[in-house]
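Line by line, the protein sequences are chains A and B. Position 113 (the first sequence) corresponds to 1197 in the working numbering; numbering is contiguous. Position 89 (the second sequence) corresponds to 1173 in the working numbering; numbering is contiguous.
Source of the hints: derived by calculation from the structure; they are not laboratory data. Be aware that one or more of the hints could be misleading.
The list treats identical chains as one, so a pair stands whether inside a single copy or across any two.
As the list claims (entries may be wrong) - Distance condition first, Cα-Cα at most 35 Å in a straight line; then the derived DSBU-like pairs of lysine-lysine:
#1 K1308 with K1191
#2 K1086 with K1274
#3 K1278 with K1308
#4 K1297 with K1274
#5 K1105 with K1224
#6 K1114 with K1224
#7 K1274 with K1308
#8 K1308 with K1086
#9 K1308 with K1209
#10 K1224 with K1274
#11 K1144 with K1274
#12 K1191 with K1224
#13 K1164 with K1191
#14 K1164 with K1287
#15 K1231 with K1297
Predicted, not measured: the structure shown is a model, and the values here were computed from it.
Protein chains: 2
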Amino acid sequence: MKIHRKLARESARDFALRVLKENIISLELKPGTVISENELATELGISRTPIREAIIELSKAYLIEIYPQRGSFISLIDPKMVDEARFLRRITDTAVIEAACDEIDEKGIALLEDNVSLQEFYLSKGMTEKIFDLDNQFHKDIYEIAKKDIIYEIHSTLMIHFDRVRNLSVETVKDFKVVGDHRNMLEALKAGDKKTAAELVNKHLNRYQIDEKEIRNQRPEYFKS
Amino acid sequence: MKIHRKLARESARDFALRVLKENIISLELKPGTVISENELATELGISRTPIREAIIELSKAYLIEIYPQRGSFISLIDPKMVDEARFLRRITDTAVIEAACDEIDEKGIALLEDNVSLQEFYLSKGMTEKIFDLDNQFHKDIYEIAKKDIIYEIHSTLMIHFDRVRNLSVETVKDFKVVGDHRNMLEALKAGDKKTAAELVNKHLNRYQIDEKEIRNQRPEYFKS
DNA sequence: ACTTGTACACTTGTATACAAGTGTATCTGT
DNA sequence: ACAGATACACTTGTATACAAGTGTACAAGT
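Sequences and hints are given; from them, build the entire structure.
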């Protein structure tokens, strides 16, 4: 497991949570991996308590399974879980971008404009690895513009189910299309065009329609049923 | 605070969680009430650890606010939070009942039929206090029929924001309309009529459009801003 | 060979001890 | 009387000790 440095004012619990999330998303912690509170505590240089609190939180998002007195492990990829996450993301993103069309102002436009410009820059320079974070930030910004930031926060951990499957099917060839989507969404937001914005969100999410069968063939041991 | 008995195979953490949730929903624990891990531990007859784990979970759903080294309290009613919860419930319930129209089978119909019949029975006998749980179960069943039970689970704690405001504006006169809504939804589900089902969900949720101004006048100390 | 029991090395769950920070009440000096 | 220092009684955060359950390895007896 990759362990980053504990930040300055970061509590031990938040540290553990951050490290675990990052490693689950990046598949450094593979689905099915057995984890132990004691081991993690030693590895991160903190006690069991904050580790345990982080593990409990992730188990509530179905990212870790805890079997009392027996052990815990990183949840296997559960197609039903991934489906529900995708379903939820689709309906929420759609409704939120429509709300954002009503709520957006100059400041919001500037925020998104900066983000998309940067994405276009990195794309033109071929630095596509920089786009991942900007992509996430773009969507988070839209939630904040629509005044739905708590919904974003609540859903964010759940979307890790989605993210780690995406990371199993890396097709960076799609990057330029994704950036184009963002540009188009921004234009629709500027114009207050809900219908187009909603359509774009749907088209955008369709790009992440991963080929479950292929991934499952490659990594059957990562899957649940 | 009302403390129920700890169930047989219930862990101390789940016990604490259940008691806290129930008391927050029922407003036995009023918005703004200061709580202390030590006090709760004594009161529930368990140690700080499981109490603390429950409090952390509720703080993640914004139902409790924790100020390190200073104290914790039951979150005040935050209109923005209530709005987001209602927004989320509306879009999710709508999408889920549409999905249920496609997925429902004989077994699902029987499940809902039993529930609604019971609601109608209690309503005719004037035992409207029994309807609350059946109402919740009805919606949960629809999520399960649509194979979206994890979404229900994830959202359930968040909807407490909604529930406790509902409990501040008790207008039981609406009960019979609610039961009628359920009957109509069931018929739409049987017919696989997505459009009608979605409209019914919206109409149904509009009944819970609480008069925030009035509640705020009555109980200004419960509100945030 | 096989079954059965048993010790042991793990696991998570819970309780408790200690660390560190905050706010208040009180005491002290001016 | 008032200002400031200080002790103290809280709070949550973290570490650690102990409880209880599980599975495995292994030895003893049949």
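Against the structure, the hints come out as follows:
1. K1308 with K1191: between (45 Å within a copy, 26 Å between copies)
2. K1086 with K1274: Intra 41 Å, inter 52 Å, cutoff 35 Å: neither.
3. K1278 with K1308: between (38 Å within a copy, 32 Å between copies)
4. K1297 with K1274: between (39 Å within a copy, 33 Å between copies)
5. K1105 with K1224: both (18 Å within a copy, 29 Å between copies)
6. K1114 with K1224: both (27 Å within a copy, 32 Å between copies)
7. K1274 with K1308: Only across copies: K1274 and K1308 sit 32 Å apart there, 43 Å inside one copy, limit 35 Å.
8. K1308 with K1086: Within. Shortest intra-copy distance 25 Å satisfies the 35 Å Cα cut-off; inter-copy 41 Å does not.
9. K1308 with K1209: For K1308 and K1209, the Cα distance exceeds 35 Å both inside one copy (39 Å) and across copies (48 Å).
10. K1224 with K1274: within (17 Å within a copy, 38 Å between copies)
11. K1144 with K1274: Between. Shortest inter-copy distance 33 Å satisfies the 35 Å Cα cut-off; intra-copy 38 Å does not.
12. K1191 with K1224: For K1191 and K1224, the Cα distance is within 35 Å only inside one copy (15 Å; across copies 40 Å).
13. K1164 with K1191: Answer is between; shortest inter-copy Cα gap is 20 Å, intra-copy 39 Å.
14. K1164 with K1287: both (22 Å within a copy, 30 Å between copies)
15. K1231 with K1297: The answer is between: 21 Å across copies meets 35 Å, while 38 Å in one copy does not.
Of the numbered hints listed earlier, those contradicted by the structure are 2, 9.
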